[in-house]
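Protein chains in written order, with my numbering: chain A, 1 to 100; chain B, 1 to 494; chain C, 1 to 168.
None of these hints come from the bench; they were simulated from the model.
Treat the hints with care, as some may be off.
[Unchecked claim] Cross-link-like lysine to any residue pairs, in silico, SDA-like; alpha carbons within 25 Å at most: (1) K111(C) / I397(B); (2) K25(C) / E129(C); (3) K111(C) / K302(B); (4) K374(B) / I397(B); (5) K302(B) / I92(A).
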Amino acid sequence: MIALQSLLTLSAVLFVIGVCGFITRRNVLIMFMSVELMLNAANLAMLAFARHNASMDPQVVAMFVMALAAAEVAVGLAIIVAVFRRRGTVNIDDLRNLKW
Amino acid sequence: MTGFPSISWNLLLPQIVLLSTALFLLLLAVIYRGGGRSRGATVAGAVFSLLGLGVAAFMALAQYDTVADTFGAMLRLDPFSTFFTLLIIGGAALCVLLSVREAGGLKAMAGEYYALLIFSVLGMVVMVTAADLLVIFIGLETMSLAVYILVGIGGERENGAEGSLKYFLIGAFASAFLIYGIALLLGTTGTTRLDGIASGLNLAEGGSLQLVAVALVLIGFLFKIAAVPFHMWAPDAYEGAPTPITAFMAVAVKASAFAVLLRVLNVSLLPLADYWLPVMWTLAVLTMTVGNLAAIFQGNIKRMLAYSSIAHAGYLLVALASIDPAAAGVGNDPAMASVLFYLTVYTLMNVGAFGVLIYLGGGGRQMETLEQIKGTGFRYPLLGVAMTVFMFSLAGIPPTGGFLGKFYVFSAAVNRGLISLAIIGVLNSAASAYYYIRVTVQMYMRQSDEQLPGLPFSLPLAAAVLLALYGVFQLGIAPSDLLTAADRAVLFLR
Amino acid sequence: MAEQIFFYFFAALSIVSAFLAVTRKNPVVSVVWLISCMFSLAVIYVILSAFFLAAVQVIVYAGAILMLFVFVIMMLNLKTGMVGQLRNLGLKFVGLIAALLILRQFYSAIKGAGAMTGLPPRAAAGFGEAAAVGKLLYSQYIYPLELMAVLLLVAIVGALVLAGKEQS
Numbered sequence: 001m002i003a004l005q006s007l008l009t010l011s012a013v014l015f016v017i018g019v020c021g022f023i024t025r026r027n028v029l030i031m032f033m034s035v036e037l038m039l040n041a042a043n044l045a046m047l048a049f050a051r052h053n054a055s056m057d058p059q060v061v062a063m064f065v066m067a068l069a070a071a072e073v074a075v076g077l078a079i080i081v082a083v084f085r086r087r088g089t090v091n092i093d094d095l096r097n098l099k100w
Numbered sequence: 001m002t003g004f005p006s007i008s009w010n011l012l013l014p015q016i017v018l019l020s021t022a023l024f025l026l027l028l029a030v031i032y033r034g035g036g037r038s039r040g041a042t043v044a045g046a047v048f049s050l051l052g053l054g055v056a057a058f059m060a061l062a063q064y065d066t067v068a069d070t071f072g073a074m075l076r077l078d079p080f081s082t083f084f085t086l087l088i089i090g091g092a093a094l095c096v097l098l099s100v101r102e103a104g105g106l107k108a109m110a111g112e113y114y115a116l117l118i119f120s121v122l123g124m125v126v127m128v129t130a131a132d133l134l135v136i137f138i139g140l141e142t143m144s145l146a147v148y149i150l151v152g153i154g155g156e157r158e159n160g161a162e163g164s165l166k167y168f169l170i171g172a173f174a175s176a177f178l179i180y181g182i183a184l185l186l187g188t189t190g191t192t193r194l195d196g197i198a199s200g201l202n203l204a205e206g207g208s209l210q211l212v213a214v215a216l217v218l219i220g221f222l223f224k225i226a227a228v229p230f231h232m233w234a235p236d237a238y239e240g241a242p243t244p245i246t247a248f249m250a251v252a253v254k255a256s257a258f259a260v261l262l263r264v265l266n267v268s269l270l271p272l273a274d275y276w277l278p279v280m281w282t283l284a285v286l287t288m289t290v291g292n293l294a295a296i297f298q299g300n301i302k303r304m305l306a307y308s309s310i311a312h313a314g315y316l317l318v319a320l321a322s323i324d325p326a327a328a329g330v331g332n333d334p335a336m337a338s339v340l341f342y343l344t345v346y347t348l349m350n351v352g353a354f355g356v357l358i359y360l361g362g363g364g365r366q367m368e369t370l371e372q373i374k375g376t377g378f379r380y381p382l383l384g385v386a387m388t389v390f391m392f393s394l395a396g397i398p399p400t401g402g403f404l405g406k407f408y409v410f411s412a413a414v415n416r417g418l419i420s421l422a423i424i425g426v427l428n429s430a431a432s433a434y435y436y437i438r439v440t441v442q443m444y445m446r447q448s449d450e451q452l453p454g455l456p457f458s459l460p461l462a463a464a465v466l467l468a469l470y471g472v473f474q475l476g477i478a479p480s481d482l483l484t485a486a487d488r489a490v491l492f493l494r
Numbered sequence: 001m002a003e004q005i006f007f008y009f010f011a012a013l014s015i016v017s018a019f020l021a022v023t024r025k026n027p028v029v030s031v032v033w034l035i036s037c038m039f040s041l042a043v044i045y046v047i048l049s050a051f052f053l054a055a056v057q058v059i060v061y062a063g064a065i066l067m068l069f070v071f072v073i074m075m076l077n078l079k080t081g082m083v084g085q086l087r088n089l090g091l092k093f094v095g096l097i098a099a100l101l102i103l104r105q106f107y108s109a110i111k112g113a114g115a116m117t118g119l120p121p122r123a124a125a126g127f128g129e130a131a132a133v134g135k136l137l138y139s140q141y142i143y144p145l146e147l148m149a150v151l152l153l154v155a156i157v158g159a160l161v162l163a164g165k166e167q168s
């Protein structure tokens with residue numbers, strides 16, 4: 001039997017890896033991937049609760065989160081492409097026209 | 001276990017109108033792109049946006065007194081949500097007026113510009129009428145995605161894409177926090193409905209997980225209102241965006257985020273008031289102080305107004321810290337009503353200030369820094385007077401609406417015994433007068449180094465500035481109508 | 001028992017892949033590790049009887065989202081010099097400390113939630129299958145579903161506006 005706690009711990013660890021990645025990496029693509037990781041951690045927590053509470057609602061919400069992730073990726077990558085075309089870099093430290 | 005929810009379509013009318021307007025504008029964009037008539041696209045886009053916003057506002061106004069749920073209580077219409085719907089639509093309409101020249105510069109993209117603007121208004125209206133965290137989240141994302149794009153729209157501006165990227169990254173990071181918080185709340189309380197969460201909160205059992213969840217949700221919202229220490233995206237996004245979009249972000253995005261924060265705090269998190277009230281206190285002090293201090297050192301007026309908008313978020317947090325948990329849903333709470341009043345005044349004075357800035361830039365000469373606006377007060381006397389009024393209002397000097405807004409916020413704090421918070425607020429407000437009045441000083445007391453060009457007259461811009469001017473004075477002299485409406489609106493917050 | 005072995009194996013795999021994904025220098029390698037992480041999570045979803053979501057996870061994340069990342073990386077043709085180096089060590093250190101504190105907070109919160117322990121031994125029939133998700137999605141959740149459609153439309157328009165070729 002798998003305890004809910006181990007699932008939540010796994011989810012928390014993934015979330016924190018995502019947070020760390022976002023804070024420490026300067027490549028915008030990898031920062032963005034870290035955000036995707038955080039969203040997945042949230043989905044894992046939701047599905048664990050769905051199973052634990054025998055309720056389908058968290059599964060439906062997780063479905064929405066996946067759709068949202070897809071929308072976010074479309075816009076985010078378009079922005080990254082636009083920045084790269086103009087500035088030739090995807091390193092956040094080099095994007096200093098505006099003081100960060 | 002599940003039936004199809006009953007739907008009262010008439011409650012959805014404002015949203016349906018906004019959606020149809022946005023779709024129609026997209027269609028219009030395609031038509032005009034084929035012909036390459038950019039001027040027609042700009043004018044038609046603006047006209048139809050205003051028309052759509054007007055009809056939506058009319059629909060919302062018609063059901064001002066309605067209190068009803070629909071879609072299985074995912075959507076809740078009450079005077080509170082209608083107040084904010086109207087405020088957001090009004091702010092957006094003013095921003096459309098400000099946009100006419102900017103959108104003309106976008107050429108082929110003008111149609112999409114207006115469509116995205118209306119889409120983000122739709123997202124905001126969804127947010128403020130939602131009674132379910134999932135719906136709030138989706139509304140928030142619709143608004144945010146549209147605004148990320150608007151910040152980066154158009155290839156000519158140098159920093160648009162960079163501002164957009166930074167705003168996007170931080171925004172996505174914040175929504176990940178929000179969704180993780182929602183996941184934990186859904187798991188521990190079994191629902192995403194705001195009232196269900198309130199009854200599901202149980203601090204004795206599994207409580208600390210719920211506290212973490214609440215903290216994550218609040219962090220997500222605090223990013224959106226740019227409270228310190230979650231503010232670092234704001235100046236870059238504000239400076240990089242087209243100026244009308246900067247105004248839109250400063251007024252409409254902020255108003256809708258505050259509406260949601262008020263609703264979540266009062267409906268779902270009231271049992272935890274002992275935890276979040278001190279947090280709001282601290283954040284208010286930090287936000288006011290950091291925003292004002294940073295604004296003093298800015299040479300670029302857009303960036304200065306960005307920091308000033310952070311400082312104003314701080315004043316609004318003062319009101320949130322003064323909420324009386326005992327008064328919620330029973331009697332009217334002056335602290336909450338003051339938020340509604342302040343946001344209305346803030347919308348008007350900010351739109352006005354950005355409007356003057358856009359107008360000044362019309363002569364083909366950039367007018368964004370303190371250096372560049374030297375001497376403009378004499379050259380363009382009407383604009384100079386208008387800017388002076390807006391700056392005085394932002395600084396909180398009577399007889400403008402800005403003074404009364406601050407007065408109500410700080411007196412709410414005093415009423416709740418938060419004397420030190422009120423004193424810190426007043427001191428901050430006094431310090432902020434320095435950088436607001438510096439703008440006026442630059443406009444009147446200095447001579448320009450070069451000949452200032454004549455400005456072409458622009459009816460929409462003039463209309464927006466005059467409306468804002470009228471509103472700022474009206475609210476400064478006769479605030480009672482708005483106050484009554486605000487008092488009534490917060491009564492339904494539960 | 002087999003369930004537990006599977007769970008711990010894929011949990012470990014997902015953590016290792018996630019860690020490698022955020023630490024690799026080359027974004028393409030990161031994407032590959034992220035795919036591995038998403039795939040392990042899909043297996044865990046199956047263990048949690050979320051069959052439909054597991055399928056969607058593989059199709060949407062591994063199939064669509066991460067492929068989009070790969071396309072963009074190839075399109076930008078990143079040279080290694082442009083990819084982030086180790087800089088701002090002080091800032092990163094602060095970030096790591098903060099993250100560890102968050103993790104500790106999570107852990108104590110999770111451990112403190114004493115009432116929630118084991119999962120129920122087996123899910124009800126039909127739990128987590130496409131029909132169950134679909135029924136909820138098209139009844140109770142119809143309003144958010146419609147809003148999601150608007151959100152996706154905004155994303156499409158946005159991607160075209162920002163990354164599409166500018167027409168003169």
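Indices of hints not satisfied (ascending)
Numbers 1, 2 and 3 - these are the hints that the structure violates, sorted from lowest upward.
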